[in-house]
Amino acid sequence: MRRAILLLAPSLAVLIGIFAIPVLLLFVVSFWSVKSFRLQPDFSLAAWHRFFTVYGDLTLYTLAVGLAVGLFCTLLGFVFAYAARFKAGRFGDLLLVATLITLFGGYLVKIYAWKSILGADGLLNQALMGIGLTSQPLAFLIYSRGAVIIALVHFLLPFAILPIYASLRNVSETTIEAARDLGASASQVLMRVIVPQCLSGLFSAFAFCFLLAAGDYVTPMLLGGTSGSMLGQFVLLEFSTNFNWPAGSAMSFGLLFVCLLVIGALAAAGSRLMRRGEGAAS
Amino acid sequence: MIWRLVIALFLLFMLGPILLVVLFSFGSNALIGFPMGGLTLDWYTKLAQDTGFHSAFWASFIVALATATLATITGTCAALALTKAAPKLVRSALAALSLPVLLPPLVVAIAIVVLFVRGLGLGLGLPVVILGHILVAQPFVILIVMARLARFDQATVDAARDLGATHWQAFRLVTLPQIASALIGAGSSAPPSRSMISSSPPSPSAAATRSRLSSGARCAPRSIPRSMRSRRSCWC
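Taken in sequence, the protein lines are chains A and B.
Oh and the first sequence: position 189 is 189 in this note's numbering, straight run, nothing missing.
Oh and the second sequence: position 155 is 155 in this note's numbering, straight run, nothing missing.
The hints are simulated quantities; they were obtained by calculation from the structure and are not laboratory data.
Careful: at least some of the hints might be erroneous.
Stated by the list, open to error - Label-pair restraints from in silico Cβ distances: (1) B:Ala-86 x A:Leu-266: 54 to 64 Å; (2) B:Thr-69 x A:Leu-24: 20 to 30 Å; (3) A:Lys-35 x B:Gly-185: 45 to 55 Å; (4) A:Leu-190 x B:Pro-87: 26 to 36 Å; (5) B:Ala-8 x A:Arg-180: 56 to 66 Å; (6) B:Lys-88 x A:Leu-60: 37 to 47 Å; (7) A:Arg-180 x B:Gly-185: 35 to 45 Å.
Cβ coordinates follow ideal geometry from the N, Cα and C atoms, glycine included.
Isolated chain B, as found in the complex (with noise of 0.2 Å):
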């Protein structure tokens, strides 16, 4: 009885917050707060017009799905080449590969811009944002892909490179079909757990931009800009 009541208060606290947010994008008053008004869309009609937020979205979605491709790519690569390695290198690689999700991603963030503006004399870009998602993502890729891979019959594979397949052949016809939905899972969950609106769906970005247009008159600068967002998701 008392752990229920303790898994509801854990619940409330963490998805509360959240859905608060999504149900008050639908809500006609400006303000959050009950009663909440008749029910509308018409946030997400300003949101459609707003063409700050077209350009916005659509550098968002590029990021993403070029995160999630390349990095499940050097992911499942670098999980393939793992799974068969000596229990020594797998634990320094790992070790190694995941050191970027623990920095801060402040830190990490000014260590590009110093490399690409000061170090190469670069711009910055969509194609740097995209490199320094990979980094952050790919950790995650290999570790679902290596547990995927932990329950994963070798035999099979053997079997196709007895018969006369070549390395590439074994793979795209034996070790894909098997490991696809872990792929699958590990590219959809990678890039999203640290940039904040590559690959969000339309109401939490609806709910950001709602917060500008609603509170933008009383409390302009405590207000989430644009800039921010672009800003933190250029920089990580």
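Pulled out of the complex, with its shape left as it was, chain A reads as follows (with noise of 0.2 Å):
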């Protein structure tokens, strides 16, 4: 036992000290003031006030393109690792290398790509114009809500497909079996037998993507432009240029308050889903 306490010291150091004591005073700071650029340690909700009268809306809409990155990448995640378990044979393990290569990627020289892709001279207008489909530059592809959402699905993607291949491969081929045998269509495989099976897996890949693409700054700064603005810019905004860090900690903590609500509501609502179709089936 004093081996084990031992064993897990250095890790737990780092815990502790980069994070949970860093992260319990960045809670604290967000009820301190700033007068004339200093920071002033009292008991003020002038950090949190100006979060929910200020960033109210932009902190829905930084929700809004978590939600759909979140969505995006769990259900093409399914796919891909569906594919992946059941469809490609013994070319599986070379599709998670696949996956896993595109983890080394890198995250800005990703967003490079898009740029070059999406921009007003990208691939992509070019491809347009060359096909004649448009004869201007579309200006929209870049710098837009789109952007920022493909951009991250691209980036978060593999952070889903793993969690639930690992949850696919519990699925035996048995019930699968067995479930068609007892004449389920293939549709009813998949939402009975196989979805049920990689619930927390789903979740799980569902609930990364949402938090990173939610807290995320350096897409939507530059692939964003002035309509795909999110939270974590403003973040850094008040961190640095405004020098407001207890508004900057009230705007991280209320973000990360916020999403977790979401995840809850969902957990709440997925087990209250599942036990209503478990009550169906017997």
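Fit chain to chain and form the complex, with the hints in mind.
In structure tokens, the structure reads:
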């Protein structure tokens, strides 16, 4: 037992020193105030007030982007993981290797790639003008919400595929064949046999992609333009240019709490749906 | 048949953009687009002459190497402790240690900045960057090493202990050689999963700098600035 504690000590020290204490301090700072660019340790709700009044709409919009990215990633990740698990045969492992390669592709490289695909003189516009669909480059392809969502889905898709594939690996072919033998249609097999068994993988894929997408600031900064701004950029702005650390802290935690609320609500709805499904099945 | 098409489309979406960047880093045209002009290594020569890139590259390299080494050590220790622990402890320890990965990197990074600058009065620098990276890398190491230890024959360690080996000897001579490949996998996969240019091969960084070189004049604020890269790698 003492050995176990000793072995856990280094990782826990990093966790506490570099994560728990800083995050708690950040939470405390969100109640401080700023007077003439100096932090004042007191108890003020000004920063939280600012979050709700100034950044309320932007928070909702950021959540919408996060939800869209999370849903796309989960759906696409499931299709790809399903294909790799059941349809690709011996190439399944190769597809996973391809997934891992894109994980290592780097974050800015992917954004840069999308810039050169969606940009005004990018590949897509060149192709569209080449086949004569449009005479002018389409400006809305880049610096828009769509561009942000595409780039985020591209970046986060591997993170969705891996947990879904891991949970699909535990779905045995026997249960699927049994369902088919008993006369289940393809969609019934999918919805009543496969999906219920990999629900935890689907959920963790969604939660991960949603949280990371909602908290991102680099992609909207480089691909979002003015219409695709997200809260993360303004957190950074409050910390750097405005030197309003309390506001930045309140916004960070505000976004986090709202995200956790969304995930909690989805988890509750999901488990209720599952119970009703079981009730109907029995 | 239809599944082949689906898989092909997925691979095109996932790998296409990355391959595009690599491909056009060898093209002589400054802009990405077909025809791409002749093949050239000019961009790489330009990169090699860019002194700013040298310091950024070495900083990335040091961070990647230090993170890989240290996170593998802390993560492996934790994995060794957790394989023999009660399931309840395992679950809660894993959940706690994985929390930093689940929070937006921006929040974690800013919290670290607040602690080091305001709380401790220290500056920021590579050591802080490395610590921040260890934080998000160690859960991956723990998961990989625990998966390996689950298939590990504990009897070999017990035999070594029976024959008079100390804990450390048993680990070094029996456990370590058996899990070495998992450790190498964990060490090399953990750090780059969240940081961008740490341990990246020259081509993607070349492409990033290339964007700065090629599009700098046209849309300077929109190109990927070096300050951004260092800021992000600095804040996790």
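Hints, verified against the model:
1. Restraint check, Ala-86 of chain B to Leu-266 of chain A: a C-beta distance of roughly 30 Å breaks the suggested window 54 to 64 Å.
2. The hinted range of 20 to 30 Å is satisfied by Thr-69 of chain B and Leu-24 of chain A, whose Cβ atoms lie roughly 29 Å apart.
3. Between Lys-35 of chain A and Gly-185 of chain B the CB atoms are about 52 Å apart, so this pair conforms to the stated range of 45 to 55 Å.
4. Between Leu-190 of chain A and Pro-87 of chain B, the C-beta spacing of about 32 Å keeps the proposed range 26 to 36 Å intact.
5. A C-beta distance of roughly 27 Å is found between Ala-8 of chain B and Arg-180 of chain A, which places it outside the suggested range of 56 to 66 Å.
6. Against the hinted window of 37 to 47 Å, the Cβ-Cβ separation of Lys-88 of chain B and Leu-60 of chain A comes to about 39 Å, which satisfies the hint.
7. Distance hint check: the CB atoms of Arg-180 of chain A and Gly-185 of chain B are about 38 Å apart, consistent with the given range 35 to 45 Å.
Consistency with the previously given hints fails for numbers 1, 5, ordered from lowest to highest.
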